[in-house]
Every structure is written in C-alpha cells, then in structure tokens.
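A.B. asks: Construct the complete structure from the given sequences, taking the supplied hints into account.
As a plain string of letters, each chain reads:
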Amino acid sequence: MSINSLKYILQVVLKSIRRNFWLSLASVLTVLVSLVILGASAFFLVNANNMAKDFESQLQIAVFTQDKLSQAEVQSLQKQVEELSGITSVTLVPKEQALRDFSQSMGSNTLVSDLGGTNPFPDKFTVQVSDPQQVQAVADQIQALKGVEKVRYGQEIVDKLLPFTRWLRWVGIGIVLAFALASLVLISLNIKMNVFSRRREIQIMKLVGASNSFIRWPFLIEGMFLGLIGGVLATFVVGFGYQWLAGYVSSTLTFMPVVQDSHLIGQVLISLLLVGMAIGAMGSVISLRKYLKV
Amino acid sequence: MIQFTNVSKIYPNGARALVDINLKIESGEFVFLVGPSGAGKSTIIRLLYREETPTRGQVVINGKNLLRMKDRDVPHLRRNIGVVFQDFRLLPSKTVLENISFALEVIGVAKKEVRERTRAALDLVGLASKEKVFPNELSGGEQQRISVARAIVNNPALLVADEPTGNLDPDTAWEIMDLLYNINKRGTTVVMATHARNIVDQMQKRVIAIESGKITRDEQKGGYGYVD
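Respectively, the protein sequence lines represent chains A and B.
Reminder that position 184 of the first sequence reads as 183 in numbering that gives the first Met the number 0, one-by-one numbering, no gaps.
Reminder that position 206 of the second sequence reads as 205 in numbering that gives the first Met the number 0, one-by-one numbering, no gaps.
Derived by calculation from the structure, the hints in this document are not laboratory data.
These numbers were taken from a predicted model, which means no experiment stands behind them.
Virtual Cβ for every residue (Gly too), placed ideally from N, Cα, C.
Be aware that a few hints might be false.
[Stated by the list, open to error] When the alpha-carbon atoms are kept at most 16 Å apart in a straight line, the in silico EDC-like pairs for lysine to aspartate or glutamate are as follows: (1) B/204 to B/72; (2) B/220 to B/28; (3) B/131 to B/97; (4) A/67 to A/100; (5) A/145 to A/66; (6) A/292 to B/72; (7) A/6 to B/112; (8) A/94 to A/72; (9) A/145 to A/200; (10) A/149 to A/66; (11) A/292 to B/170; (12) A/292 to B/51; (13) B/110 to B/97; (14) B/69 to B/51; (15) A/289 to B/141; (16) A/289 to B/50; (17) A/52 to A/130; (18) A/159 to A/55; (19) B/23 to B/141; (20) B/204 to B/218; (21) B/220 to B/51; (22) A/145 to A/82; (23) A/149 to A/139; (24) B/131 to B/141; (25) A/292 to B/25; (26) A/14 to B/97; (27) B/93 to A/200.
[Stated by the list, open to error] From the structure, some residues in chain B lie toward chain A, with a derived Cβ separation under 8 Å: (28) 13; (29) 75; (30) 82; (31) 90; (32) 102; (33) 105; (34) 108; (35) 110.
C.D. replies: The following block contains the structure:
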C-alpha cells in the first residue's frame, strides 16, 4: 500500500469518528459494557476454579495399618503406596505420634500413663492424591494392599463435594462463553450500522476502482481503535473493581479463598484489551463482506 | 475495444435479460443503446463494468476477458472505465470537490495530482465556481455534470452511461449531451443507454436497438426508431 493511501485511510478514520461521533461513542460503550461483563465473569471463573481447587486440596486419604506390623513392614507398605499412580505425597504418622496428638487434643497430660503403656492407635499414612476426582479409586487400590487395616477418605463429603466443584467450573466457563458471544453480536451489530450508513460510499468506491482491501482498511482500523478504547476503559473498571472487591471479601469473609495473584490478574486484563481489539476488527470484516461483493 | 460473443445473461430469478448477443464497438465510437424498459440495456451496461458476469459467452474489453478476470483484478478494470447513472450517485456529505477527488484518492493518487486533475475535470464540466458546494444545493443538471466529472477524472478509455438524462429536463439534458460529445471528441469511447428520442435522432450516432434481450437493429448514424 502506498504512503498516499495510508495517509488517506488515517484521515478517513479520524473524519469518520468525528462525523459519526455518537455512533462511535455507542460502539465504545458497547465494547466497554460487554468487556466489563466478560471480565467480571472471567474473574468469577478464575475464583470458582481456585475455590474448587482449594476445597479439593483438603481431600486426603488416611490409611491405617494392621496392628501387628513391624517397623520394616510399615516402611515397605509406605513404599508400595508411594509407587501407586496418582499419588503426590505419603506422610507416615507413627502410632506414638498419634497417641501424643490425641492426648494433646484431649487436653490431658496423663492419658499416656493412664493407658498403662498400651497404645490403641495404629500406624497411619496421610496420602495426598494428584487428581481429587480419583480419590475413591486410589483408596480402593490402597485398601487391597497387604497389611492395610482400614482406609478413610471422607466418602460422604467427597461424594457431594466433587460434583459441586465440577459444576462450579462448568458454570464459570458457560458464563464466560455466553458473554463473549453476546459481546461479539452486540459489537458486530454496531459496526453493521456504521457500515450500512456508509454503503453508498462503499458502492461508489467500488465503482471507481478502489480495491477491496483499500475499502476494508478504514473500517478495520476504526473497529480496532474503538474496540481498543472500550477495552482500555473496561480494563480500568474491571481492574480497580476487582481489586476493591477482592480486598473487601478477603477482609470480611476470611474463609473464602480469593485470587490475589497479580500475574494472573494482569493476564486477564491484557486478554480483555486484546479481545476488545479483536472483536472490533472481526466485527468490521464480517459486516463489510456483504457490501464488498459488487 | 469492446466485443460481446454469444453473450447470454440469465438472472438468478430466471429472468432472461440477454440472449446470444454479438456486438463489437471500436475505440473512439459513440454508441446509443435504445429499446423498451426491461429489454436488456442496463444489463449490457452492467456487464461492461463487470457488476455482472455473463451466464454464457465472452465479454472482452481492451483484450481482457471479463469472465475469466479474477475478482481482485476488477478494480483495475474499473479505473479505466467511467460510469454515469441516472440518479447521479453523489455522496451528500462530501462537497463537489471532494466527490470528484474521492475517485482519485481511493486509488492512491498523490495529493497534488489529485488537486490538479480534479480542477481540470471541474473546468471541463464548467462548474469550477461550485467546488465548495454540497450536491443537494445544486440543480439536477449540475449534479449530473459533477458525476460526469467524477467519471472522467481518471481519463478512462471508456465512458458508460445508463440513462444519464433520464432525470433531467430537455435543455439540461442537452448540456449533458454536449459534455459527452466533447468527451468523445477527445478520444474516449462512449456507450450510452437512453430513452431520449430527440437526442438520439439529432446526434446521428451509431444506434443499437435491443428488444427482449436480442439486438434487433444496429445502424451507423441511426435514429431512435420507435414510436413510444
């Protein structure tokens, strides 16, 4: 493309924004509102995911050994458990430790001597699994090992929690997708109006021999520019809004895990900017196609 | 310069606009297309600047076959063809000067050259004094002169006009015809579809009559020949 064409295109873009000021403003506001909603739902997704992960990480399997095992047998059992697939860590809690913990939790110093030197606790492993959805399968495998007395993993809680966290993730993804689609539709509608109001101009440009790419550029640049402005505004609104809300929630509802990772937040905000520009550009090209076929 | 070989055009709705047309127009000719409404005149015009492509047959302009032409080569064809319409097709939001220079700007001509050529075209149509005026402040005849100026500002080899005087009163129509006559004198081929009996009869140019999509008459120095 020649310098003349480039200068002309930039002039056209500026003139068009000035002449169609209200339409341009409407486009920016549409992008802004859509992206704020999109950004908010993205943060909802990030937090829902984080919350699900947080819940799930609290899941662990307690493995109780049979009473009569020797120290060596306990250690070999620990090895066997570690070698199973899907295990992150295995921690041994010896029976002496278990007794001490128990007496401490009962607030009694004499419990150990009261029992007369016997220890009713077995040795115990605390097993952390990598995929919480596999807790039950792993627990069953451990149960089958020789020397295992009992396996506990909070069946009742797991059976309710896992479907809930799965649901939480899908709802998050669903909301983000729905709003991304809604933004695209709203913005391309807006650009369609803009293109429609200039269809005669496009028709005449075709007639005097302007190439399709030449006709497309001003709309593309204008769409990207308006999308970018809307994206920048949305980034500010969502960024500051989230900062405030995250601070508020983590100080009042302290049990709620809130994502405060600035790297992740930055990624979400930059994506908003790029999505704004992409939506603007895509909307222009899609809306123009019909008018370029002359 | 223009050659139609066995050209037929059937529109998607089934209308047979042209049936087996053969036609040859030499460079520098002035040709009237006459015939009743719906006979196929406008279809021929649209085939010339490739708004439509023939269903069958070949249209060749300056050695280029329009049927085989790729979409991205169409702009280059149109830069060498000026088009004038009955309804002027000026942009209401642009001044007279901008309407004409637009045709040069969108094909990437340098600013200085745009100004010179636009002024020259305005001088040719005799409206240099109106350059800052908007089209709706002009009379119909003046608007059509602007659209002629826009059509020729590229110095095209071919000027096609689809009933350019259809919306004008007889006196104003003759002003436009004088303009087209002069443009033709400078070497531009002119093809004009029209219903204007007086004009065709007086100009004594080549007349091609079309009825129901077929050429029924083709004579040099012809007349309109129909009783409306």
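A.B. asks: Run the structure past the numbered hints and jot down the numbers of the failing ones, going up.
C.D. replies: Failing hints, ascending: 1, 4, 9, 11, 15, 19, 21, 25 and 28.
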